[in-house]
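Using the sequences provided together with the hints, build the complete structure.
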Amino acid sequence: MTKRTADVSGQPAAVSAERVVARLHPRARRLFWPVVLLFVVCGATGYFAGTFPEPWQNVALLVGMGLIVFFGCFLPFLFWLTTRYTITTRRVILRRGFFVRVRQEILHSRGYHVTVRTGWLQTLSRSGDVLIDTGQGRPIVLADVPSVSLVQQALHDLIEEAQVQAPGEATDAAGSGPVLG
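Residues in the sequence shown are numbered consecutively from 1052, following the working numbering.
Derived from the structure by calculation, the hints contain no laboratory data.
All C-beta atoms, glycine included, are put in the ideal place defined by N, C-alpha and C.
The reader is advised that the hints may include incorrect statements.
Restraint ranges, calculated between C-beta atoms of paired labels, are given here [said to hold, decoys possible]:
1) H1164 with I1144: 17 to 23 Å
2) H1164 with G1117: 45 to 51 Å
3) A1111 with V1153: 35 to 41 Å
4) F1103 with Q1155: 45 to 51 Å
Given below as structure tokens:
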């Protein structure tokens, strides 16, 4: 992921490597209710398993509890695990989804507005939602990001750095004009 520009003689004029600034997951707080559900299901299964007079009823209990654990605990964990935010020196990458994968990228050089929204529970854990508005419809939301104020400041710094470097990288070695090709 190295960007190279060349001057008229074909020699490399500038090399800017993309570096990862942060890799983030949403807070694991959203897994609270699935974990509570897992404890309740395990307790209920342990209490009721083998107490029904018919064998099919015991099997139905185990199958039902297994389905509840799969849909109520395992799938939310997988969806949380597959949501990732990567901030690099050139862009913000949002990856999410388990069955349908979605990847969105936003270049810092294009410029965007960063807004932070925090609820009272998020304020206690110093997390929040980062809204990135590119001016093209709905904002992109990085949900429940840890250290939200630090992420916001880093995004502002990266946007400012990209805005300053963009004109300098697009000129040749003499600084007289754009590099073509």
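- prompt: Failing hints, ascending?
  reply: The structure conflicts with no hint, since it agrees with every one listed earlier.
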